[in-house]
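K.L.:
Residue numbers (this note's numbering), protein chains in the order written: chain A, 6 to 260; chain B, 6 to 260.
Hints are computed from structural coordinates only; laboratory data are not their basis.
Careful: at least some of the hints might be erroneous.
All copies of an identical chain are treated as equivalent in the list; a pair is satisfied when it fits inside any one copy or across any two copies.
Stated by the list, open to error - Result set (DSSO-like, lysine-lysine): computed pairs, CA atoms no more than 30 Å apart in a straight line:
(1) Lys258 to Lys121
(2) Lys88 to Lys258
(3) Lys88 to Lys71
(4) Lys121 to Lys88
Number of protein chains: 2
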Amino acid sequence: MDITLVGAGRLATNLGGALQEVGHRVVQVWSRTETSAMALANRLGCLWTTDIERILPADIVVLSIKDDALAPMARSLQQALDKTAPLVVHTAGSVAMDILPMARRGVFYPMQTFSKQRLASFDEIPLFVEAATEDDTRLLELLANSISRRVYRLSSEERKYLHLAAVFACNFSNHCYALSADILQAHGIPFEVMLPLIDQTAQKVHDLSPLEAQTGPAVRYDRLVIDSQERLLDGLPKEIYRTMSQSIHQSGKAL
Amino acid sequence: MDITLVGAGRLATNLGGALQEVGHRVVQVWSRTETSAMALANRLGCLWTTDIERILPADIVVLSIKDDALAPMARSLQQALDKTAPLVVHTAGSVAMDILPMARRGVFYPMQTFSKQRLASFDEIPLFVEAATEDDTRLLELLANSISRRVYRLSSEERKYLHLAAVFACNFSNHCYALSADILQAHGIPFEVMLPLIDQTAQKVHDLSPLEAQTGPAVRYDRLVIDSQERLLDGLPKEIYRTMSQSIHQSGKAL
């Protein structure tokens, strides 16, 4: 299929590469900034523009931009694409499909965390699709199945909770790593000593539920350790330490 | 070497197995409860007791018990082992070496999260050792090097921060998985859809610092998403969501 990418960030960069790898054609990249548009267009060997009026229709137009830029972009785009009416989809886990005003609208949400430096293989990435019509849902499933083995239909309402769950599993666990790195750095210990523990923690929940997998002072509710560790922190990390420990203890009691 | 294990929990079970595998001999297991002592002794093919007075000295006596049980146990043990004076070590990341009253005292801290169901390979587990004398430090290094390729000397003061960092990287990130699983379960979505994201999040910090690896609404500071996600939660998860988002935003600003 012919795809136009609106946005040139991490997700667009990864998705564009994966689509071309299996034989689809990215015809154009739009970005607000010229350097971003050019960088991704060069990578994909396609056209680029910074002018919404000049966005090419293609079979599917994929919007991968900041969540709160979606509504205004979709309005401008509807005028620009007026006659051609391609299927327009966004890739935002937390935004409802109906933010798009087009009759042919949909969502194509790859649930993964991306970086530009490290391109992801889409094969195992869960893709959640939704469209306003059954025909367009099938079109998105076709596209999704061409790059991933884990394709699911999911409504906007359910996806809201999926995305929230992903924020906990990914962004918040990564922030736990970041706070861990801060503590180590302050005491001259290299962060890499923590990697086996991080890997094992992720690996464990393939076999056990996270509730069953939990260990540490909070689940044992060792007040001595909890109190003395709290005293080593201040500011937000202290608040996080306290709330997390309470919440782990509460979850543990339900076990 | 001949080892006596005081404690029959997750750590003792994993450590006992690893030590015997490379040719050391676990001579005896002590546990407060008969069933735990017997279960581990059967696994290791050694003696067991529930009586502190009958604990055998061996070359090294390893205490793997609840942190706040260490002090009273060490006092009882000192009387019981009075004449023989073996090296006595504990395995608690957050407890100072000097909680042990013996002249020959030390710490043998494997920084990993263990379960009885899934025995860990010690090869890549960082082991942090400390002892009151240089001779005993070398003895612990010898023991540690026989099961792991990552052995470090670390003082009690530094280890306090290492353990705190591990609580963030392991227990707290696992609790993020648990909260994620709760949200998914409430909406009939299987937890396994989250595994690729969890794996990738752990994998990313092998190449990037956690600060550089961060993505999601909090680091972008998408107020729209943050506010609407907060409204989907209540109780402690809501507090965790808010504090984590603030802390991610604050860390991101420093980048």
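K.L.:
Determine for every hint whether it applies to the structure shown.
P.N.:
Here is how each hint holds up against the structure:
For a Cα distance limit of 30 Å, the shortest separation of Lys258 from Lys121 across copies, 20 Å, qualifies, whereas the shortest one inside one copy, 42 Å, does not. For a Cα distance limit of 30 Å, the shortest separation of Lys88 from Lys258 qualifies neither inside one copy, at 60 Å, nor across copies, at 43 Å. In this assembly of identical chains, Lys88 and Lys71 lie within 30 Å of each other by CA distance solely inside one copy; the values are 26 Å within and 71 Å between copies. In this assembly of identical chains, the alpha carbons of Lys121 and Lys88 never lie at most 30 Å apart, being 34 Å within a copy and 64 Å across copies at closest.
Of the numbered hints listed earlier, those contradicted by the structure are 2, 4.
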